[in-house]
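Please assemble the complex out of the two chains, which come individually in their own frames, going by the hints.
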Amino acid sequence: MNCENCETQLLDLLYGELEATTAGQVRAHLDGCASCRAASEKLGSARRIVRQLPLESPPARVHAAIMARAQAHVRGEVVVAPPRGKAHAESEEPQSPVQRFMAWLGGFVLGPQVAMAMVLMLMVGVGLYYLPGLRTSRNVPGGAIVNADPGDEAGPSAAIQPAEPLDLRLDTRTNRLHSGTETVAARNTRTGDDRDEAQDVVEGPLPEQFAATLAALPQTNEARAGDLEAQAGEVIVDGLNDASEGAELALAPGEAFGVDRTAAARPAGARARDQQALAFDVASADSDAPAVGMQRNAPPTAARTAREPIAEERSVREQLAQAEPPPAPPRLTVSAPIAMAPPTTPSASAPAPSAPSRAAAPGRPSAMAGGPRASGGGSESAGMASGVGSSASAPASTAPQGQAQSPLLAAAGLHGVARNQARTSSLREAISGYESLISRYPGYDRATEAMLELAELYRRTGDLARARSWLSRAERAPAYAARARQQRFRVDEMDRARRAVPAAASTSSD
Amino acid sequence: MVKLDPAAVGDEELLRRFNDGRADAFETLLSRYEKPLFNFILRHVSERTRAEEIMQDAFLRVIERSKEFKGESKFSTWLYTIARNLCIDESRKMVFRRHKSLDAQLGGDDGEGPALVERTAGSAPAVDRTAIARELKPLISAAIAALPEEQREVFLMREIQNMPFKDIAAIVGVPENTVKSRMRYALERLQEALAEYADYVGELEE
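So the sequences go chain by chain: Y and B. Mind the numbering: the first sequence is residues 38 to 547 in my numbering, read in order. Mind the numbering: the second sequence is residues 41 to 246 in my numbering, read in order.
In isolation and in its complexed conformation, chain B is listed as follows (with noise of 0.2 Å):
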């Protein structure tokens, strides 16, 4: 018996393998999806203790009803809708909470810190690619979470786990033109708030 490769098998037939009781087969699907997915969750609440608690509340519901899954749609389009649905629900509660901003460690206590510019030029030659991703990290950071929820979850679910526009169309439940009406918005609005870095991503990227 010729055993296939995991990363050759479908997410659909992966979680068919789990419902025939093969626990391996939903660990890779784990394994494929979690990181994205946490990063997904991050981005919409903003506080990780409570990303980890919506993923694995997630992940739980995937396997409560695996066997409800009949492949009518793709694994990850109903991966993601579940842990939407779930980060919705938490961002309703989280509006009277007032947490405090997963990327707000920049400015610490007295607001806004100073610009990555501002803080690289003294020390020019000390700058290295792994400091100026270091201080870029919370910007990029700060500028997705600036991005209205609608333009947010379209990008982030682009840009962080590839998703085709299509898939995310089914997820947000929006006609495809739509979806990517918002990417672009999405993608303008990141590149004025960032342009004064670019130069510096060119650097990192050579």
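Same shape as in the complex, but just chain Y (with noise of 0.2 Å):
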């Protein structure tokens, strides 16, 4: 006999239902264990005290009547129902637990405070129902609920019209992305000479994929979009040469890249085309350039810092970075207009490259950015068509050391556009983006990195011919060498497999 089995067998003691056997085990027990003990003599007192609580007798006449009824029924008279009664206390066995629980709960169905507990509810629930902030707030990350265009002026967000094309024009010197339709129409506005506006302008509008990616980055990603449109907000624009050029811009959430829009600058209907066609374009690094200065000049507390980027918006400022001995960021910018700026001051942070300007020869088609699309207006898909022609033409293959980032960024857009298409929509589609990568940008750092991918687009397609030939040409560089056998075991374990399909199916026929 052990504390465990003692206490269990306590009670069992105390009201004699134990055998003489175990009985004389607990007592034994009892003797030597002090613990169980205490407990047996706790128990034993609380018994001793209730036991002087004398038990009341019934009346005398409750007894009576119920002989009375007794008597009646020995007679065989039949008895009256009983004034109270409650149908399951008729029943001769106990009932079950959930008879009981059920019976319990009945007892609460017109309970008063089961009443009062359901008015609450329902007040409780109407009443965050019809909480305005709950219903029409974001909540955002740092906990406070705000309206992300309370003016609503933003308009449709960006991120549900990724098909809207930006044209959006960088400036290696300044760090800037301007509107390459916009700073075109302004200084045609001044100075009414295309070719001098165009010497800035090295690259043309990257093609149409990659201001459509650009345009479609917030909704690649669904989280980034929601940070966007939750930041959205008004930039005053100040420190601009016009009086009427104070006002406010509101960047709609999808702008988020922080086009350049002077608005006051143009008229209402070129704007509006800005807004919808931006081309993403590339500045000259040139600082022989008579027209970078006037970008430069534009007011710095205009400058707005730029938001974390997203994947290939980080890609293209890195490629900025190694172009740009200044470690500066880049920044995304809503400037002044540029007609009043002051004449060019080379740039002291700018690289040296000797190499000559190749923005600087004539004959550069200086509307190519914004030009057909600014005279277009409504085919804003024809302009950037034309747009994507003449910015193909350019061979970035010829482009001097200095200039040759731009071809780089515009290759890195293509091939991001590509990746995108590969995942998103069809493999055709990306397969041509790829190949018109490689072959419009040969100089690509990454073009062997681009013919990998396009082998196995072509592998996932079924071309297998040209999947190991776009394969023999990566494996010529010896960094992708291994990854392009790789590639090449899965094009001929496809073969092998595509083989023993029909023979298999010979074999069968057979």
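It should be emphasised that the hints constitute simulated quantities derived from the structure, not laboratory data. Keep in mind the model is a prediction, meaning the values are calculated, not measured. No residue lacks a Cβ here, since even glycine has one placed at the ideal position from N, Cα and C. Any given hint could turn out to be false.
[As the list claims (entries may be wrong)] Below, a list of computed lysine to any residue pairs in the SDA-like style, where the Cα atoms sit at most 20 Å apart: (1) Lys133(B) / Ala152(Y); (2) Lys79(Y) / Gly113(Y); (3) Lys75(B) / Ala97(Y); (4) Lys79(Y) / Glu232(B); (5) Lys79(Y) / Ala238(B); (6) Lys114(B) / Gly50(B); (7) Lys79(Y) / Glu236(B).
[As the list claims (entries may be wrong)] Some but not every residue of chain Y turned toward chain B, in silico, with C-beta under 7 Å: (8) Gln46; (9) Lys79; (10) Gln89; (11) Leu92; (12) Ile103; (13) Met104; (14) Ala105; (15) Arg106; (16) Ala107; (17) Gln108; (18) Val111.
This is the structure:
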């Protein structure tokens, strides 16, 4: 007999429900165990106290009434049903727990507490539903509930309109993105000389796919889109030459790239077009270009710190960082129109490539970025297509080293677009994107990688011959040889599987 | 014909005789159970009149359904199941009635009265067993009334009716071990509540 056994049998011992043998064992344990003895005495003490409470006797009349009914029952008289009584009280056997629970629940059906609780719950529920803050505002990570666009000025989010291309131009010396259309248009209004304006533009607007990618970036990452939307606010452009340009520009949620929107300098129509068709344009690092200073003189107060770049954007920035020794991060700007800007001052921080400026070469179509679009108006896609055509005609391989970054940027953009297409849309589009990338930018530093990816796409489409041909091209680069061999193995495997299936089919048919 | 001592005849046999037309058999049953059952009900509903009515109802149901009793369970279990269900029904009604407690007479209108110790200390020479028992009774009643319902009913059936734990388990509808646990908790609570009077109880038992 241990303490555990003893404890379970203390009550039985106390009430005499133990057999003599077991009772003796328990008593023997109690003699030797102080803690069990204490527990037993505690129970016994309570029992002794309670037994002092005398039992009440029922009145004799109740006894008489019951006996009268019993004798009537014996005589066979019909016994009137008792005045009170519940159906379940008549059940002979004890009820099951479920029955008793249901009976208990039933007792609350009309209880006032239950009714009050229901009313309160209803009130709280209705109140929560009609709380405006919970229904319309977005809960941002900081915990505050803000309305991303209190004035409802932003319009439809670019996150849900990815098809609209961006027309952006990146000035590598100022590290600013500009709307190509607006820059050219603004200059045209001032100078009327397209050729001069074009000199600071080394590379034309990037192909349509890249612009589409930029526009679609928020869409590819929903969390990012939500972040941008939450951050979209109002940016005040100050330091402008024209007094009328101090207007507030509202950044639409999808325009978080810091698009150069000089709204007041241009007619409303051109402004609207710019917002819809912004081309990514890369400005030259040429310090000799006379127009460069105009952009550099954009008021610094208008500069807007860049938000955290997205992956594709980051790759662009990395290349920019390589081109520009100063470590200052690229800034997204909302810059003033440059019409009244002072003449060029060469940048001290600009790299000093001795190569002649390709951008300074005459004959480059100045309107290739914004011109067709600015005049085209309704035919956005046509304007973009012509922009693509003109930019494609500029062979990057002929560019000197100083300007080589621009094709690299364009190629990187195309590469990103093609990858995105491979993930999201059809393989055919992705393949054509890759092929145009490789053919157009043979000097692209990740061309071999693109070839490998292209080969993989061909393999997935089943065109094993082309896959092999691209792989063999890729294998020439030692760094990618191993990866190319792996892919070639997969291609061979697929080839074998293909041959095996018809063979098996023919044998089975035999 | 040898007439058996009624005290030696089992409950079930008495009920069978009653069904055979012998009212005296039922009177024996009634005499056996009316006092403990009345106290069981009284501690449940805490009102004497209601307790009397419920006890009467319980026995009248036994009379009405005596022929339905097949002897598959004990008579005591059957009777207490009926009485307990009537008490539960009554308790539901009483929740909103706020009846004055049967045992609230001690404190009077101003709430709690002085403790037994305080009231007996000044008249120590005059203390006798009757006086102590009289003073102790409401305290014990209050302590029992303060028990949780599930513990109190187990305690009452065990102490008042001396009902085996197995039968209590059948009436309450829980395992026997659960009944024992409740009984143990009840005794421990009562002991804690009434520990200061244990010495007086010792005097009473001498």
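Inset, instruction - Tell me, in ascending order, the numbers of any earlier hints that this structure violates. - result: Of the numbered hints, 2, 8, 14 do not hold.
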